[in-house]
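Asker: The residues making up each chain are set out below.
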Amino acid sequence: MNNRGQMLMVAGLLMTLTLLTISISISHSANLGRYQGERHDPAPLLTMIDANLPPALDAELVGGASAEAAFATAAQVFENSFAAHGYALVLKLDSSSTNGSATTFSYTILLSDGLLDIEFERTATV
Amino acid sequence: MKLPGRAAQMHVLEVLLVATLFTSAVNVAIVSLPASDATRVGDDNLRHQGMQLLQVLDEWQTGAGESTLATWLGEDNSSALQSYLDGGLPAAASYRLTGTHGGSSETLVDRGAPQGTVSIAFRLVWVGSELWELELSLWYGPRGTA
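Listed in order, the protein sequences are those of chains H and V. Its first residue numbered 1, the first sequence is counted upward by one per residue in my numbering. Its first residue numbered 1001, the second sequence is counted upward by one per residue in my numbering.
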């Protein structure tokens, strides 16, 4: 191979590497910019459910509803409110048991803000 | 045309130099220039602060072991809510707190008319015998009188 051919090959290789670097830099920057400054903190949302779902369940039970119906009604209120504020929430009842006047609910929290998806299992006795 | 060895080496070095300069310039520009949606940062921070303020107040227990937020809502203690939010939110931000319960909605604290981008924080709170949905609208602007 002559000198000219070698030079062209090296030049082409360098330009290819340059273009690759530039395109990767730009796409990385665009991805960073899309979510720049966003806060994805699920703590206020989870504490809201943990603190305020059990009294809502209790009120439904006191009103005479079955455990399943009480959970469905209370969960619906939370799911609707979360959806209205841009969060996808599903509260899924896994099991419930009644022992005397106490009812224990085991449920799963599925929460998404469009970027962050989390799943927790919870137990509440009311 | 056949280039002499030394000239070819020089060309390779030139291409390398141009490529390095070009890449460096693009990288510096990416780091230095603001992103197009940088203004959203402040709005998202405001919403996040609102969510945290409501959370802290809900978890802050009174002497009787009740949620302070629920207690103040139950007592219709708007002045306490206003003092807490005035102190907790940035001085440059104004807000409006509304509560919905039992099918009716009421404004609990009103600190002026919203302007510009409004961020909304929310919290569901069990007060007495019903669930309240609180909405805290937040925006950057002067605070009006309550």
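These are computed hints drawn from the structure, not numbers from a lab. Backbone N, C-alpha and C define an ideal beta-carbon position, used for all residues, glycine too. Hints are not guaranteed to be accurate.
What the hints assert, rightly or not - Partial chain H-side listing against chain V, Cβ under 10 Å, derived: (1) N3; (2) V10; (3) L17; (4) H28; (5) P54; (6) G64; (7) A65; (8) S66; (9) A69; (10) A72; (11) S95; (12) S106; (13) L110.
As the list claims (entries may be wrong) - Calculated Cβ distances over 10 Å to all of chain H for the following chain V residues: (14) G1005; (15) A1008; (16) N1045; (17) Q1055; (18) W1072; (19) D1110; (20) E1133.
Asker: Determine for every hint whether it applies to the structure shown.
Answerer: So, going through the hints one by one against the coordinates:
Because the smallest distance between the Cβ of H/N3 and any Cβ of chain V comes to about 4 Å, under 10 Å, the interface hint for this residue holds. Here the hint on H/V10 is kept, as its CB sits about 5 Å from the closest CB of chain V, short of 10 Å. With 10 Å as the threshold, the beta carbon of H/L17 comes within range of chain V, its nearest partner Cβ sitting at about 7 Å, so the hint holds. Taken as an interface hint, H/H28 checks out: its beta carbon lies about 8 Å from the nearest beta carbon of chain V, inside 10 Å.
Interface restraint check: H/P54 against chain V, minimum CB-CB distance 8 Å, threshold 10 Å, status holds. About 15 Å separates the beta-carbon of H/G64 from the nearest beta-carbon of chain V, more than 10 Å, and the hint is not met. With its C-beta approaching chain V no nearer than about 15 Å, H/A65 sits outside the 10 Å limit, and its interface hint is violated. Of the supplied interface hints, the one on H/S66 is violated, with its beta-carbon coming no nearer than about 20 Å to a beta-carbon of chain V, more than 10 Å.
This hint is violated: H/A69 has a C-beta 17 Å from the nearest C-beta of chain V, more than the 10 Å allowed. Proximity of H/A72 to chain V is violated relative to the hint, the smallest CB-CB distance being about 15 Å (cut-off 10 Å). Checking H/S95 against chain V by beta carbon gives a least distance of about 23 Å; that is not within 10 Å, so the hint is violated. A hinted interface residue such as H/S106 counts as satisfied when its beta carbon comes closer than 10 Å to some beta carbon of chain V; here the least separation is about 20 Å, so the hint is violated.
Taking 10 Å as the C-beta cut-off, the interface hint given for H/L110 is violated, the closest approach to chain V being about 17 Å. The beta carbon of V/G1005 sits about 6 Å from the closest Cβ of chain H, which is not more than 10 Å, so the claim that it is off the interface is violated. Listed as outside the interface, V/A1008 is inconsistent with that label: its C-beta sits roughly 4 Å from the nearest C-beta of chain H, within the 10 Å cut-off. The beta carbon of V/N1045 sits about 7 Å from the closest Cβ of chain H, which is not more than 10 Å, so the claim that it is off the interface is violated.
A beta-carbon of chain H comes within 10 Å of the beta-carbon of V/Q1055; the shortest separation is about 4 Å. Its beta-carbon lying about 15 Å from the closest one in chain H, V/W1072 satisfies the requirement of being farther than 10 Å from that chain. Non-interface status of V/D1110 relative to chain H is upheld: no Cβ of that chain comes within 10 Å, the nearest being about 20 Å off. Distance check on V/E1133: its Cβ comes as close as 6 Å (rounded) to a Cβ of chain H, failing to clear the 10 Å threshold; non-interface status is violated.
Violated hints, in rising order: 6, 7, 8, 9, 10, 11, 12, 13, 14, 15, 16, 17, 20; the structure is consistent with all others.
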